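Dock chain Y against the given chain U, drawing on the hints supplied.
So the sequences go chain by chain: U and Y. First residue of the first sequence: -9, per our numbering; consecutive thereafter. First residue of the second sequence: -9, per our numbering; consecutive thereafter.
Hints were generated in silico from the structure; no laboratory data involved. Careful, some of the hints might be misleading.
[Stated by the list, open to error] Derived DMTMM-like pairs: lysine to aspartate or glutamate, alpha-carbon spacing no greater than 25 Å straight-line:
{"no.": "1", "chain 1": "U", "residue 1": "9", "chain 2": "U", "residue 2": "126"}
{"no.": "2", "chain 1": "Y", "residue 1": "9", "chain 2": "U", "residue 2": "345"}
{"no.": "3", "chain 1": "Y", "residue 1": "9", "chain 2": "Y", "residue 2": "126"}
{"no.": "4", "chain 1": "U", "residue 1": "9", "chain 2": "Y", "residue 2": "345"}
{"no.": "5", "chain 1": "Y", "residue 1": "91", "chain 2": "Y", "residue 2": "117"}
{"no.": "6", "chain 1": "U", "residue 1": "18", "chain 2": "U", "residue 2": "126"}
These numbers were taken from a predicted model, which means no experiment stands behind them.
Number of protein chains: 2
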Amino acid sequence: MSVTAAYGFTAAGVAAGLKSPAEDGTAKRDVALVVNTGPLKHAAAVLTTNRVSAAPVLWSRQVISDGRADAVVLNSGGANACTGAPGFADTHTTAEQVAEKLSSAGQDVSATDVLVCSTGLIGVRLDMPALLSGVESAVNTLGEDDDAGAAASEAILTTDTVTKTATASGSGFTIGGMAKGAGMLAPGMATMLSVITTDAVISAEALDAALREAVRVSFNRADSDGCMSTNDTVIAMASGAHPDADPAGVNLTEFQTALAEVCQTLAAALIADAEGAHHEIAIRTINAATEDEAETAGRAVARSNLFKTAIFGRDPNWGRILSAVGTTDVAFDPMTIDVAVNGVWICRAGGIGEDRSLVDLSDRLVEVVIDLKAGEAEATILTNDLTHDYVHENSAYSS
Amino acid sequence: MSVTAAYGFTAAGVAAGLKSPAEDGTAKRDVALVVNTGPLKHAAAVLTTNRVSAAPVLWSRQVISDGRADAVVLNSGGANACTGAPGFADTHTTAEQVAEKLSSAGQDVSATDVLVCSTGLIGVRLDMPALLSGVESAVNTLGEDDDAGAAASEAILTTDTVTKTATASGSGFTIGGMAKGAGMLAPGMATMLSVITTDAVISAEALDAALREAVRVSFNRADSDGCMSTNDTVIAMASGAHPDADPAGVNLTEFQTALAEVCQTLAAALIADAEGAHHEIAIRTINAATEDEAETAGRAVARSNLFKTAIFGRDPNWGRILSAVGTTDVAFDPMTIDVAVNGVWICRAGGIGEDRSLVDLSDRLVEVVIDLKAGEAEATILTNDLTHDYVHENSAYSS
Chain U
-9 MSVTAAYGFT AAGVAAGLKS PAEDGTAKRD VALVVNTGPL KHAAAVLTTN RVSAAPVLWS
51 RQVISDGRAD AVVLNSGGAN ACTGAPGFAD THTTAEQVAE KLSSAGQDVS ATDVLVCSTG
111 LIGVRLDMPA LLSGVESAVN TLGEDDDAGA AASEAILTTD TVTKTATASG SGFTIGGMAK
171 GAGMLAPGMA TMLSVITTDA VISAEALDAA LREAVRVSFN RADSDGCMST NDTVIAMASG
231 AHPDADPAGV NLTEFQTALA EVCQTLAAAL IADAEGAHHE IAIRTINAAT EDEAETAGRA
291 VARSNLFKTA IFGRDPNWGR ILSAVGTTDV AFDPMTIDVA VNGVWICRAG GIGEDRSLVD
351 LSDRLVEVVI DLKAGEAEAT ILTNDLTHDY VHENSAYSS
Chain Y
-9 MSVTAAYGFT AAGVAAGLKS PAEDGTAKRD VALVVNTGPL KHAAAVLTTN RVSAAPVLWS
51 RQVISDGRAD AVVLNSGGAN ACTGAPGFAD THTTAEQVAE KLSSAGQDVS ATDVLVCSTG
111 LIGVRLDMPA LLSGVESAVN TLGEDDDAGA AASEAILTTD TVTKTATASG SGFTIGGMAK
171 GAGMLAPGMA TMLSVITTDA VISAEALDAA LREAVRVSFN RADSDGCMST NDTVIAMASG
231 AHPDADPAGV NLTEFQTALA EVCQTLAAAL IADAEGAHHE IAIRTINAAT EDEAETAGRA
291 VARSNLFKTA IFGRDPNWGR ILSAVGTTDV AFDPMTIDVA VNGVWICRAG GIGEDRSLVD
351 LSDRLVEVVI DLKAGEAEAT ILTNDLTHDY VHENSAYSS
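Chain U extracted, bound-state conformation (with noise of 0.2 Å):
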């Protein structure tokens, strides 16, 4: 299940040469493609803030400002950022191929209905011929089983080693989502992307307002190792075409909080996965004077290369955890803290608490809770930890 799950969506993952051949000499799928059959063509998306932004980033940024998309093309191999002009035609081009293929197929697609996400190196031009030619067998293939929706979730990876999916369904609506990448940074820097589809009769305007509050508890708060790609994009597209939807529109509190379980289930998908990481790290701020500033003092840890490397050597250290805390402006009595590793309140009021021995730190999920005891607000921050694996990722390939 996956993009393909929601009624009025098709899909499609083909190979066209952008990445290299597995060790066995098979192709890898590196071409996906979606596309709403409608009746509605509503879109939403949530791009890099990221001022470097990639030339599909800024296409698509023009795109999706009229709410409407009737289809997103994406590409692994390569990410089309730090291209400057030629790389922004490149992606105008793959979406003219794209209207043109559809429309010769008989679905009538305008090129500036159609967003474009890339993902791979900075700063190396795309094969063009191969990415064209891999759009055209992309229309050729769609289908709109879960076979298809799972060729196209496997073409968007990059050094994944697992397909990321999920889905959820409420009263007369359907959604299904895909996403790639994240956690540890692959070589050249990864992306996030992830497209999300749905059946629902909805807005543009509340899809676009469910998006991102969405993304604001889910994608935002996985911080994997603090770097922001200049490829980020989460796209949702809705059709209508649901059996049983309510043609005066879905129920917005019931499609919010359906939207934001698949966006959470993702996020932390994409955590599980991240390269060289031993442990998935959920660092859970309670009691904050307001979600905002326990969000803040989650990412300050979390971001802490000293907390990640003692959490990787299984040391419970709680003092690192303070000191970063320390470095924001979050509400807080340095002398009334309390911190907790897995179950265990190690540092109570600031100082020593129960004993650290106790703490277990061999599973691969680790659950550090920080009371602030300045109000009655909460988030959680979702991480890893930083290992020789991420070094060796991210430093003995060069790109």
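Below, chain Y alone, put in the same frame as chain U:
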């Protein structure tokens, strides 16, 4: 030459048993004392801005508030951070021991004029009998020669491999300084400590202003791994004892330049001795709108684990540099920015520049130049690469 280079200071460094002995069984120096014998007792200090401040930082903040300090006592073998009220009492007791023993030796000193610094593990109490006995030994071995200064600079080391000292002089003044730590942080979180002495005739207010400016352009631009300590302290003390001192006061411009030079030499020495580092990296941001923005851009790059692992892998990965700058809000145009690594402009106008294979990263020293083309200000941030040795150092030892 060290803190005893300037007239009017005595120093000592003794082994009190706070640190484990060397492999050959030799006791390591771990208590240092620097005494200002006057006639002036002016002092200034820059303390960590981490809100989780160690007990000695809380104490020294009070001591320095009146611009006077007679002595500073420093111990390695324990940071006395996150130790609550008992830890603060330990610091108080240490200052009282210094005052009492100095007074017994004929120098009338109040405990409230004794600065205290500690460095080592967070969250453990100090061995007070050993420390107090060490203070007594230090008072008994105070000297004003080079050996005494060298002993003090050795006693503050933790996992440093060499002592760090610097001197400068000008019309009617000498400046001497010592420092420890920083760079890749040691197990349990090391501390950056520095004590600088001068025989200049200078008011406490002018000394404070000069020290803050010197720290701003030196220690505050050394960012080895982005982790701020709970104990960071830089202290300056002026005795006014130089035989050629102008009683009306030192030339402040000349003094400021010399003090900044001493601080920059010490900061560079910290980065050069950073544990686990294979490269020292100077990130020079030029043509920024303001000096602050130059610093912000450089620091964003210095804190990118992807950039730091790339340099370890001798990969001049300019995409990772651009994506780090892109996360900031400093003035620059992604379509005009240039980046050079070791003199080769591999990124021109935000895209591919000269051949990256021309970049030689075999030397320990690396210079990155980022040309923002937004103004005329510049700043240099010093940092290190992220290596297997860093991960090992900070994960393999439980703290």
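Going back to the hint list, which numbers does this structure go against?
none
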